[in-house]
Amino acid sequence: MKIKSRARFIERSLNAAINYGALVQELEKEKPETTTWTYDKNDDAWACQSCDLYWQLISGTPQENGVKFCPQCGIPIGTFKYQEEDDDE
Numbered sequence: 001m002k003i004k005s006r007a008r009f010i011e012r013s014l015n016a017a018i019n020y021g022a023l024v025q026e027l028e029k030e031k032p033e034t035t036t037w038t039y040d041k042n043d044d045a046w047a048c049q050s051c052d053l054y055w056q057l058i059s060g061t062p063q064e065n066g067v068k069f070c071p072q073c074g075i076p077i078g079t080f081k082y083q084e085e086d087d088d089e
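With the first letter of the sequence shown counted as 1, position 52 gets the number 52 in the numbering used here; the numbers rise by one all the way through.
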């Protein structure tokens, strides 16, 4: 009885790992090579184009702080853009 339940557990675990691996591969296909961070003057924060994370820095720019990857989606940041005008005006 114990051997059957262990075999069933191993089979389910392997199937879950295979399904998880396929899901990761599919997500990696959709992931861009780099992302753009845009500074939003209204919120005083940087917005990631790929995952919509808003990131506020206490001082300096992402470049000055050594930010090279988005901390949420992990995509390398290729471009930093500065918003020139307020959207509300």
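Source of the hints: derived by calculation from the structure; they are not laboratory data.
Glycine included, C-beta positions come from ideal geometry on N, C-alpha and C.
Treat each hint with caution, since some may be false.
[To be verified] Ranges between beta-carbon positions, derived for each pair:
1) F69 x A16: 39 to 45 Å
2) R8 x K41: 56 to 62 Å
3) I10 x T79: 42 to 48 Å
4) F69 x R12: 23 to 29 Å
5) F69 x F9: 32 to 38 Å
6) G21 x C51: 42 to 48 Å
7) G78 x A17: 29 to 35 Å
8) P71 x L14: 30 to 36 Å
9) A16 x G78: 50 to 56 Å
For each hint, the structure was consulted:
| no. | hint | in the structure |
| --- | --- | --- |
| 1 | F69 x A16: 39 to 45 Å | violated, 28 Å |
| 2 | R8 x K41: 56 to 62 Å | holds, 58 Å |
| 3 | I10 x T79: 42 to 48 Å | holds, 47 Å |
| 4 | F69 x R12: 23 to 29 Å | violated, 35 Å |
| 5 | F69 x F9: 32 to 38 Å | holds, 37 Å |
| 6 | G21 x C51: 42 to 48 Å | violated, 22 Å |
| 7 | G78 x A17: 29 to 35 Å | holds, 33 Å |
| 8 | P71 x L14: 30 to 36 Å | holds, 33 Å |
| 9 | A16 x G78: 50 to 56 Å | violated, 35 Å |
When each numbered hint is compared with the structure, violations occur for hints 1, 4, 6 and 9.
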